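Visitor: For reference, the chains in residue letters:
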Amino acid sequence: MNPNSAPNPAMGHNNVPKMTARDVNVFYGQKQAIRNVSIDVTSDNVTAFIGPSGCGKSTFLRCLNRMNDTVDGARVEGRIELDAQDIYAPAMDVVQLRARVGMVFQKPNPFPKSIYENVAYGPRIHGLAQAKADMDNIVESALRRAGLWEEVKDRLGESGTAMSGGQQQRLCIARAIAVDPEVILMDEPCSALDPIATARIEELIDELRGRYAIVIVTHNMQQAARVSQKTAFFHLGTLVEYDDTSAIFTNPRETRTKDYITGRYG
Amino acid sequence: MAEFSAHTVKSFDEDIAQLRALITRMGGLCETQISDAVDALVNRNLEAAAVVVENDKRLDALEAEAEAQALRIIALRAPLAGDLREIVAALKIAGVMERIGDYAKNIAKRATVVAQSKPIAPAVIIPEMARAVVEIIRDTLDAFVDRDAEKAKAILSRDQQVDEYYNALFRSLLTFMMENPHYITPSSHLLFVAKNLERIGDHATSVAEMVYFTATGQRPGERPKNDFTSTIYAPQ
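Residue numbers (the numbering used here), protein chains in the order written: chain C, 1 to 266; chain E, 267 to 502.
It should be emphasised that the hints constitute simulated quantities derived from the structure, not laboratory data.
This one's a predicted model, so the numbers in the text were calculated from it and none came from an experiment.
Keep in mind that a hint or two might mislead.
Where chain E lies over chain C, by a calculated footprint (3+ residues, C-beta under 8 Å) [stated by the list, open to error]:
1. 212-225
2. 239-252
Residues of chain E placed beyond 12 Å of chain C at every Cβ, according to the derived structure [to be verified]:
3. A287
4. E313
5. E333
6. P345
7. L346
8. E430
9. K491
Ideal placement from N, C-alpha and C gives every residue a C-beta, glycine not left out.
Extracted from the complex, chain C is given alone in its bound form (with noise of 0.2 Å):
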């Protein structure tokens, strides 16, 4: 490995990473979205990707379980380990690394199901559970680690479209975790919700941590504040600064770190 492709500054902990990028770039055609990202992901914290619209935050989230791969004319240069395992290389199996490294998106994506195989549906797919004994307890340890379970336990057959978004969200992280994965990506999973499914969405990330690996991307600089312990600063594809949150939000190092985060962009 390339010593200057060590990744940047302060990474703090001494644990070992759970995913390590290194010298990634990622081309959407001709146009290069991503430039020599290097960055560890470590298990006991959870990192946030900050930065302006179009900074690449998202797609630098997609190639960790390689959700760019579906988008046409995409392409990932450089190395993204998990456990110091290739995720790109040609032995690695797709749908397996998903269930690894589980996504939850922006807005509530739940199936148009119940809100039982809305959970089960993973379980199942990769063969999780023998019998339904089995599947009943995978359905009611992952609503209850996603704090949902006193909710929705008399009524799991209704459909998980008919819940409201904060719970629908939840029901999506609950659809994630099923599948006992060990790092979970997050695509600004609050934007679509009220403050106070906000709140709890925040409580139950804090909950899950030390479980999963966790990033999170989001636009609301505060909730990154307060549910990471790690903060990475993208801008124009390239990742500006990556530090302990404590240290980004009250003394960032970068002039572009510091402009950002105080509402002096542009």
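Following the hints, put chain E in place on chain C, whose structure we already have.
Guide: Frame of chain C, contents of chain E only:
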């Protein structure tokens, strides 16, 4: 010097400018209050002393206004990084200025008792000491307005000069009291006046530390101190 680039939301800049203006006015008023209090004391002008006592209410009102403005900015703007440091510093500085005002008022209040006896020789140091602390306050506020870390840092060592005045005054007042027991009352009051000025110097210097932190995000480190009065004995 830190950058002054504008916020995307212009009213945020206006909010901060208003808060800074309040702090600057408090600083200016503190300077005047200290000078006027010491003048009233030295010139035995009891009317002027009463004005200083009355004017302290303005500082209290300005502090309340600065606090309200800082709280409003925190609530509405959720400031971060340098902005956050500045708002928090302004909130603290307003409190310190209000306290400095109390010391100035206390000096003015002592004018009545001191005026009842003949002038005391060591008192000539008091106006000089007052000038030194007023200059520290003025330069500190300049550094605050300019967010000038270097200027703020340069101020830190100047509190030593104030401490030296205090040591000198303390010693000479003790000696004076030994030799002139009839003057113990005014001399004791002058000791408190000196102590007040020394405290003002300390507070003003702590403001300079806040200004440095606001500008850089770093603490300036330990500053030199020179107040030895807590170990001084009366001459035998």
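Visitor: Now look at each hint and say whether the structure bears it out.
Guide: Checked hints:
Counting residues of the stretch 212-225 of chain C whose C-beta lies closer than 8 Å to any C-beta of chain E gives 3; at least three are required, and the coverage claim holds. For the stretch 239-252 of chain C, the stated coverage by chain E holds: 4 residues have a C-beta nearer than 8 Å to a C-beta of that chain, and at least 3 were required. Chain C leaves A287(E) outside its interface by the beta-carbon criterion, the shortest separation being 20 Å against a cut-off of 12 Å. With 12 Å as the threshold on Cβ separation, the claim that E313(E) sits away from chain C holds: the shortest Cβ distance comes to roughly 49 Å.
Every Cβ of chain C is farther than 12 Å from the Cβ of E333(E); the closest lies at roughly 22 Å, confirming the non-interface assignment. Here P345(E) does not stay apart from chain C, with its beta-carbon only about 7 Å from theirs, under the 12 Å limit. The beta carbon of L346(E) sits about 5 Å from the closest Cβ of chain C, which is not more than 12 Å, so the claim that it is off the interface is violated. No beta-carbon of chain C is positioned within 12 Å of the beta-carbon of E430(E); the least distance is around 35 Å.
Annotated as non-interface, K491(E) keeps its C-beta farther than 12 Å from every C-beta of chain C; the closest such distance is 27 Å.
Of the numbered hints listed earlier, those contradicted by the structure are 6, 7.
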